[in-house]
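Visitor: Each residue of the sequence shown is one higher than the one before, starting from 6 at the first, in our numbering.
Calculated from the structure, these hints are not laboratory results. Check each hint, because a few of them may be wrong.
[As the list claims (entries may be wrong)] Restricting the straight-line Cα-Cα distance to at most 25 angstroms, the calculated cross-link-like pairs of lysine to aspartate or glutamate (DMTMM-like) are:
1. K21 - E53
2. K21 - E151
3. K21 - E61
4. K30 - E14
5. K21 - D32
6. K21 - D157
7. K21 - E37
8. K21 - E131
9. K30 - E137
10. K21 - D170
11. K30 - E131
12. K30 - D84
13. K30 - E217
14. K21 - E81
15. K21 - E138
16. K30 - E53
Bear in mind the structure is a predicted one, so any value in this text is a computation, not a measurement.
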Amino acid sequence: MAEDTGAVERAYRTLKEMAASFEFKPDERLNESAISVQLSISRTPLREALNRLTAEGFLTFRRGQGFHCRSLNPAEMLDLYEARSAIEAEAARLAARRADAQGVADLRAFLQQSESRYTGGVSPVELVRLDEEFHRRLALLSRNAELVRLLDNAAARIHYIRVIDLQLLGERDGTQAITIQPHARILDAVAAGDEDGAGAEMRGHITRRLEEVTNNVRLAFSRLYAP
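Can you make the complete structure from the sequences, with help from the hints?
Guide: Okay, structure coming up:
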């Protein structure tokens with residue numbers, strides 16, 4: 006039983022990463038036999054992992070047709086950005102109320118250590134990873150496990166679009182446009198215990214990129230299907 010549980014978890018994590026980065030094309034039917042061989046896993050734990058990913062929104066299931074990768078469309082991405090904004094604004098408010106001095110100091114140290122990487126020409130993939138790490142650490146300061154779980158799901162589902170977003174921002178406005186300053190302002194509000202300020206800074210930080218979503222989805226399609 007423990008072996009099956011481990012196999013399910015390994016398959017879940019691998020397939021989640023593949024679906025999040027659209028290694029499966031949007032709406033592509035998954036070949037369960039091929040995946041079973043690729044991951045060296047039997048069909049029963051594989052099916053359990055696929056069902057879990059379907060419940061979390063990374064895959065879809067069509068009766069008589071099997072499992073498919075999720076779609077990629079502007080409406081869904083907008084929904085996810087709006088959901089993320091609501092989740093993180095509340096997490097920031099709660100962090101301002103509940104975070105202790107050590108937690109704030111640890112997150113500020115992480116932010117300061119990250120600053121050189123923002124200005125050091127690292128890849129958009131790495132920048133998104135750093136950004137996601139900051140946001141998750143801040144959410145943990147809210148001491149609300151459900152908000153962290155919801156954030157993890159939303160962040161993974163928009164990860165691919167966010168990589169494209171940061172790449173386009175850097176190409177258009179230069180890498181100096183990508184800074185830690187929005188994060189610093191959010192953390193300052195949390196440290197000051199300013200619940201309304203922390204929530205407002207977080208909401209503004211996330212929604213500022215909303216108008217770019219449709220264009221980013223269009224570009225994502227062109228890259229996914231490039232010859």
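Visitor: Holds or violated: K21 with D170, Cα cutoff 25 angstroms?
Guide: 21 angstroms, holds
Visitor: Between K30 and E14, is the straight-line Cα distance small enough, at 25 angstroms or below?
Guide: 23 angstroms, holds
Visitor: Measure nothing beyond the straight line between the CA atoms of K30 and E217; if it is 25 angstroms or shorter, mark the hint as holding.
Guide: Distance of about 22 angstroms is within 25 angstroms: holds.
Visitor: Take the C-alpha atoms of K30 and E53, compute the straight-line distance between them, and say whether it is at most 25 angstroms.
Guide: 21 angstroms, holds
Visitor: Are the Cα atoms of K21 and E151 separated by 25 angstroms or less?
Guide: 20 angstroms, holds
Visitor: Regarding the pair K21 and E61, is the alpha-carbon distance no greater than 25 angstroms?
Guide: 10 angstroms, holds
Visitor: Hint check: K21 vs E53, CA-CA at most 25 angstroms. Holds or violated?
Guide: 13 angstroms, holds
Visitor: What's the verdict on K21 and E131, does the C-alpha distance respect the 25 angstroms limit or exceed it?
Guide: 18 angstroms, holds
Visitor: With the threshold set at 25 angstroms, check whether the alpha-carbon distance from K21 to E37 stays at or below it.
Guide: 15 angstroms, holds
Visitor: For K30 and D84, compute the direct alpha-carbon distance and say whether it is at most 25 angstroms.
Guide: 20 angstroms, holds
Visitor: Quick one, are K30 and E137 close enough, alpha carbons at most 25 angstroms?
Guide: 24 angstroms, holds
Visitor: Has the given pair, K21 with E81, been kept, meaning a C-alpha gap of at most 25 angstroms?
Guide: 18 angstroms, holds
When held up to the earlier numbered hints, the structure conflicts with none and fits them all.
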